[in-house]
Amino acid sequence: MENEVVLLDLWASMYGMRVRIALAEKGIKYEYIEEDIWNKSDLLLQMNPVHKKVPVLIHKGKPICESLIAVQYIDEVWNDRSPLLPSDPYQRSQARFWADYVDKKIYDLAKKVWARKGEEQEAGKKEFIEALQLLEAELGDKPFFGGDKLGFVDISLVTFYSWFYAVETIGNFSIESECPKFISWAKRCLQKESVANTLPNSERVYEFLLDAKKRLGIE
Amino acid sequence: MEDLKLHGFWYSPFTMRVVWTLKLKGLAYENIEEDRYNKSPQLLEYNPVHKKTPVLVHSGKPICESMIIVQYIDELWPQNPLVPHDPYDRAQARFWVAYSEQLVPALPALIRSTTPEEKEKAVEMIWGNFKVLEDHCLADKRKFFGGDKINMVDLAIGSLLTVFVTAEDIKQVKILVAEKFPLIHLWFDNFKNAPVIKENFPDREKMVATLKPIMERMLASS
Numbered sequence: 001m002e003n004e005v006v007l008l009d010l011w012a013s014m015y016g017m018r019v020r021i022a023l024a025e026k027g028i029k030y031e032y033i034e035e036d037i038w039n040k041s042d043l044l045l046q047m048n049p050v051h052k053k054v055p056v057l058i059h060k061g062k063p064i065c066e067s068l069i070a071v072q073y074i075d076e077v078w079n080d081r082s083p084l085l086p087s088d089p090y091q092r093s094q095a096r097f098w099a100d101y102v103d104k105k106i107y108d109l110a111k112k113v114w115a116r117k118g119e120e121q122e123a124g125k126k127e128f129i130e131a132l133q134l135l136e137a138e139l140g141d142k143p144f145f146g147g148d149k150l151g152f153v154d155i156s157l158v159t160f161y162s163w164f165y166a167v168e169t170i171g172n173f174s175i176e177s178e179c180p181k182f183i184s185w186a187k188r189c190l191q192k193e194s195v196a197n198t199l200p201n202s203e204r205v206y207e208f209l210l211d212a213k214k215r216l217g218i219e
Numbered sequence: 001m002e003d004l005k006l007h008g009f010w011y012s013p014f015t016m017r018v019v020w021t022l023k024l025k026g027l028a029y030e031n032i033e034e035d036r037y038n039k040s041p042q043l044l045e046y047n048p049v050h051k052k053t054p055v056l057v058h059s060g061k062p063i064c065e066s067m068i069i070v071q072y073i074d075e076l077w078p079q080n081p082l083v084p085h086d087p088y089d090r091a092q093a094r095f096w097v098a099y100s101e102q103l104v105p106a107l108p109a110l111i112r113s114t115t116p117e118e119k120e121k122a123v124e125m126i127w128g129n130f131k132v133l134e135d136h137c138l139a140d141k142r143k144f145f146g147g148d149k150i151n152m153v154d155l156a157i158g159s160l161l162t163v164f165v166t167a168e169d170i171k172q173v174k175i176l177v178a179e180k181f182p183l184i185h186l187w188f189d190n191f192k193n194a195p196v197i198k199e200n201f202p203d204r205e206k207m208v209a210t211l212k213p214i215m216e217r218m219l220a221s222s
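Residue numbers (UniProt numbering), protein chains in the order written: chain A, 1 to 219; chain B, 1 to 222.
By construction, these hints were calculated from the structure, which means they are not laboratory data.
Glycine residues also receive a C-beta, built at the ideal position from the N, C-alpha and C atoms.
Please note: incorrect hints may appear among the correct ones.
Facing chain B, according to a computed beta carbon distance under 10 Å, are these residues of chain A, among others [as the list claims (entries may be wrong)]:
no., residue
1, V5
2, C65
3, A70
4, Q94
5, Y107
6, D108
7, K111
8, A115
9, S177
10, P180
11, F182
12, S184
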């Protein structure tokens, strides 16, 4: 039943994109509800009273909040196809570690670039590139972080790629020139339908970010 | 005999979570007490990304991040389960473990606070989180976050509260106020007296004696 799975989301959210990719990888039909984050719905406030944020996955009426928790939930419930996490407990712990690293670093460092100016922005650019280079080193020679196939870490990270154009434009720098391996990995992920159909147009994201900055009073 | 080594700081809430997990599962391990001012080369090799404790080393392979370690142990040794079996309950437990992260920044804020206003501000931060836990998590008056038995949420939050009550003595502030947060207060009592936790609960005076100089040094360097 399609309305058995509902996703409350924002088209530009790199967190929401993670859940959409996971649902697509598993071939799960769902109802997508676009939230206006500047005017949150009663449903969102009811389903995520603690954080009041998207994405929220709703399965049989019950909410699952936090994107990586929702991705793991999807993997565990629809465990008969396209595994997203490794089956080996040690490999699984490593996948969780790197997804956690992405969560700890990437958004905040990107924000330092798009929300700050001058020295702070320069420091942000440097730290952001360093984080991507660390991830490049972890990827090594593998096609994906998950090995031969798209996995949990790939899904947690590739969604930020849709924000790169915005970050590069505002920060006036090229990510590809510093992290070519990262870009070629991202493009490899985009060859997968689940990723290609989920990641929004980068210029649209840039417009969204400019608008968000205005609304938040960030120069 | 499993080859388990734990690199940690006995007084750190993050290390406590792993120690309690190992004890709850009845697992023997070698404890390697690290010096925060002089971390061992092995630790830096095992956790090059964050350079932090705890690190569990299982047959030579490192696992980092306390709650990732807890889930790893639970997956390999299912006795006294700490992670719910049902996927939805598991997602909820993971949510509250993730939420417990929100309590962490209050620690440095509390450490750096010197004036009454700064202390009040740091405590208010914690109280905001306590209210969420009180209203959303414990409202059904469950004994533990895990229900009748302890689960990983109890470990995540219990470890942080252990440090908060130590900070009460060091900073002369009241954080776990029973009148304001009766359910959390009751829960913490249940937690401290739970089997295995009770026998492995850090001594309050020892915690104060150890954390006081560490906090003073952090304050001096900030």
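These are the hints, each one checked on the structure:
Residue-level restraint check for V5/A is violated (minimum Cβ-Cβ distance to chain B is 13 Å; threshold 10 Å). A hinted interface residue such as C65/A counts as satisfied when its beta carbon comes closer than 10 Å to some beta carbon of chain B; here the least separation is about 6 Å, so the hint holds. The interface hint given for A70/A is met, as the beta carbon of that residue sits about 7 Å from the closest beta carbon of chain B, less than 10 Å. Contact between Q94/A and chain B, as hinted, is supported at the beta carbon level, the nearest pair being about 8 Å apart and thus within 10 Å.
At its closest, the beta carbon of Y107/A sits 14 Å from a beta carbon of chain B; the interface hint therefore is violated under the 10 Å criterion. Below 10 Å, beta-carbon pairs count as interface contacts, and D108/A has none with chain B, the closest being about 13 Å; its hint is therefore violated. Because the beta carbon of K111/A sits about 17 Å from the nearest beta carbon in chain B, more than 10 Å, this interface hint is broken. Checking A115/A against chain B by beta carbon gives a least distance of about 19 Å; that is not within 10 Å, so the hint is violated.
At about 24 Å, the closest approach between the beta carbon of S177/A and any beta carbon in chain B exceeds 10 Å, and the interface hint on this residue is violated. The beta carbon of P180/A is not positioned within 10 Å of any beta carbon in chain B (closest approach about 22 Å), and the interface hint is therefore violated. Hint status for F182/A relative to chain B: violated, with the closest Cβ pair at about 17 Å, above 10 Å. A distance limit of 10 Å between C-beta atoms decides the matter here; for S184/A the minimum to chain B is near 23 Å, and the interface restraint is violated.
In summary, the structure is inconsistent with hints 1, 5, 6, 7, 8, 9, 10, 11 and 12 from the numbered list given earlier, while agreeing with the others.
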